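Given the sequences, and given the hints that come with them, work out the whole structure.
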Amino acid sequence: MTKLNIHRPIGFIIACLFCVLGNPVVGQDRELPEETIFKDAQSRLWINTYGNIRLSDKFFWVAQTHFRFQESDNMQFAGQIAQIYNRHAISYLYSKKFNFSLGGVLRINFNTDEVLDNEVASVPEFRIWHEYLFAVPLPRLNVYHRIRLEHRWSKGFKEDSKYIYRNRWRYMLNVKIPINKPKLGPKTFYIAPEAELIMQSGKPVINSPLEDLRLHTSFGYIIKPQLTVASGLMYSMGQELSNGDVFNQKWTIRLHVYFSPDFRKIENRLPAVN
Amino acid sequence: MHPLRNISFRIFYCLAFLGAVLSSLSLLGQTRFQAPITFGDFSGQATYSQDSIGIDSLLNGPFQADNFSLKALSKGGTPFSQVKGFFNANQPDSAWEIQLGSLFAEGGAKWDESQIKVKVSGVQHIAQINFQGGLAKGEWSHKVNTLKASTVKENLFSGSIRLEEGVPNGSIRLENEHATLLGRFLRNGFAHDLWELNFYNERNRNEEWHFANGWLEKILVKWDQGVDSLQPYQEEITPFKIVNLDDRYLQILTLQNRYDSLVYKDIGGKISDLIADNAAYTRAVEQILQSFDTSVVRVSMPRLGVKVAHFPLSETEQEKVAAIGEILSEIDSRSQDLLENTRLNILKHSDEDILFALSAIQEIKDSYLLPVRNVVTYAKTDLLEFLPRDQIQSTGTAGETNVAEITVSYQDSSTLKKRSFIGPESERLGAATQGLTYLSELTAYGLACIDSIELNLNEKLNNQIYHQELEDLEKNLLAKEDSLTTFIDTLSNQLPESYQPALVALKSTVNTELGNYSSESDLATKLKKGKEIIQCVEDLKELALQVSGLPSRWEDLQKLYTQQVWNPFTATIMKDQVKQRVMDAYGQLLIPSILEKIENESSCDKTQSFHMMLDTLYQRMQELRNQNTSKLERKLKNEDDPDVVLQLFEISL
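Protein sequence lines correspond, in order, to chains W and X.
The opening residue of the first sequence carries number 355 in our numbering; numbering runs sequentially from there.
The opening residue of the second sequence carries number 3 in our numbering; numbering runs sequentially from there.
Over 12 Å on every C-beta distance to chain W, these chain X residues come out as not near it, computed from the model: (1) 121; (2) 320; (3) 555.
Beta-carbon label-pair distances, calculated as ranges: (4) W/556 / X/632: 47 to 55 Å; (5) W/519 / X/589: 51 to 59 Å; (6) X/499 / W/583: 27 to 35 Å; (7) X/652 / W/444: 40 to 48 Å; (8) X/632 / W/494: 33 to 41 Å; (9) X/641 / W/618: 23 to 31 Å; (10) W/618 / X/589: 25 to 33 Å; (11) W/429 / X/653: 56 to 64 Å; (12) W/545 / X/540: 50 to 58 Å; (13) X/641 / W/393: 53 to 61 Å; (14) X/632 / W/444: 25 to 33 Å; (15) W/495 / X/589: 27 to 35 Å; (16) W/494 / X/641: 39 to 47 Å; (17) X/625 / W/429: 55 to 63 Å.
Simulated from the structure, these hints should not be mistaken for laboratory data.
This one's a predicted model, so the numbers in the text were calculated from it and none came from an experiment.
All residues carry an ideal CB built from backbone N, CA and C; glycine is no exception.
In structure tokens:
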């Protein structure tokens, strides 16, 4: 069996990150500033839908749509559409403790600043992504390790802007803790603290490997196995691509809807898994 | 009364057949036989002679029959009889002696020349008759003695009468240990003139019967103090009938109200006793002589002629009496059945009405219908033709006494009580009618009374049976009601509040039905209803059990309608209830609706249907789990009428 060892995923993740990224600042000649610059935190609102549509016993169609808003000069709080995010993939359920997905993303990035003459209001961004999710069920909570790798092609809003290619290396540690019931199940409230480190690499990435560090806690309710809602608050910070000395900070209110319909005939549904 | 007077015997001619010992003396074609004979209940030996003339046989010569066994020598043993006589061409002839008796060995047995001689004691009746050509001629005598050790101790009765060609002629003498009766007959055989009884020890007492050509004109009983007299026939009456002077003659006089035996006894009359004794002894002899085959032996018994008034029966009267007799038999039979009914005889101790009814039956049978019974008896004993039927009437005077009213006396546990009983249609019993018509009406009324009482008693019996059954049934009913109440009370503590009204309604249903039951007065209906309630209580208990099982059924259905679902967002398997609308329709609409119906409409009649409804619904829910219910669920979305939902579930009740 080639089953992955999911019991020690953290060591594996860190090892991967260092192998891929190395020491990003080595060899730069630029003068280092005396201290890091942290920009004022920006407010954001994400409205995300997560769909896992069951196709068969082992395969799911992952369909996620995110609507991301943020503040702008004209919008004091998260009123400006920033991205519309369409993420799709086919997920394979290897076991109850491991699955992986492979798919693409089409993201529309909106120019949240004033659109100048030589700029466009929005540009598409393309990604290929693959994800490896490890679930660690414990008696009173569930722990998840998610490794996601994204290969992205993006560009700026200038008309003559060219697509640049980067890779993203993401690791997320997530815990779901049921509140009103001993186990996660229908009609269960839960709290889910999570931390995600997003590193990036690629030619355009000079001194800003830390794209984002997200600290997020959400409060959710499992209406039924096929439908869950959650909301949370996320603090994130990360280096600006063009200047690694500068760190962006953001506070994001996140509203999530999770749905996992199963359109198969009843007689084809059993067994539920494995 | 001689103990053997009712004995009859028949002679079997067993000529040269099995068991016969033939000792023949051939003398001019005459054969002498010794053969078994039957004397009443026992057998003996007869010796007789018979002449054969062609194919005919004639009894000729001496005849002797003995019926004696050693058993006769024990006290209480069988009577003996001996007949000695002579036949002449099948007719008794010459001297005959008939001995009847009841003897027993007194002891002192002696051995004498190969024989045991035993002295006997007892009663010996010797009758001697002379016949000529089958007719009694000369003296006919009876001697009845008591023997003590084969010695005559006392003469109980002696009688002698002169006869000529079978007809009494001259004097008659009857005597016992107290008195002697002397009387005489005319040549035509009728009692005539003075018949006088003289007492041995009472010289100043005598009794006279005065006959005139067969009519008994007067009876005089003389004492020192005076004379008592009766006057049966003060004049000759037409039509009349000649009868034998015997105890039956005395009965006829009584029937015709010319002679009251009680008054006669009261004044000290004794001739009737001698006449009755003579008749009894004569009858004993007569029965023996008439036991001969009358087609062969011609014998004529003498009649002591007396005349009595005669009231010949018409054909209509005979039919009426026969009909009365049949009804009386029916009355007797049904009365006896009721009087001997063991259940009634037990119940009469606790139910005065039954005691009264049984006493009324007894009264009707023994007293009220006595005139009818007497007439029927007279008819059977050929005495009715001597009864002046026109004198038969109700004892009461018309218009004053209710003939139909029967006074019944009965003894309850403490006192003797009297109550009147009046049967149905009593107005039809006219006090004015008389004779056999009156008796017919009386008999019919008696039957109607028995009918009525029997009906009443049968109802009582049925009621008693019902009561007994009801008692058992009510014990059972109360036990079941108690069991149901306890059961529901126990359930009430275990079930959610929403179930309480329905369970309370089940208890109320029992109470309502018990109320209806207790108000029912008709026992048969009550019994039927009681049985129905028992069934109802059992059904209600079943329903209560079923209601109590609804939470468990709900859990079962929840399990049935729950599937394991993989939640990819939590990476866990979760239980998911499918067909939520079907489950909601069951749990939130139909079950509450049925419970509400039970609460509002519970009754014995509907219990089964509620039971069936719950069962059918549960079964349907199980079926629906594996069926495609998408259409049903769409329809259920906006439907909140339980009846419509039941239709959608394809349940029709």
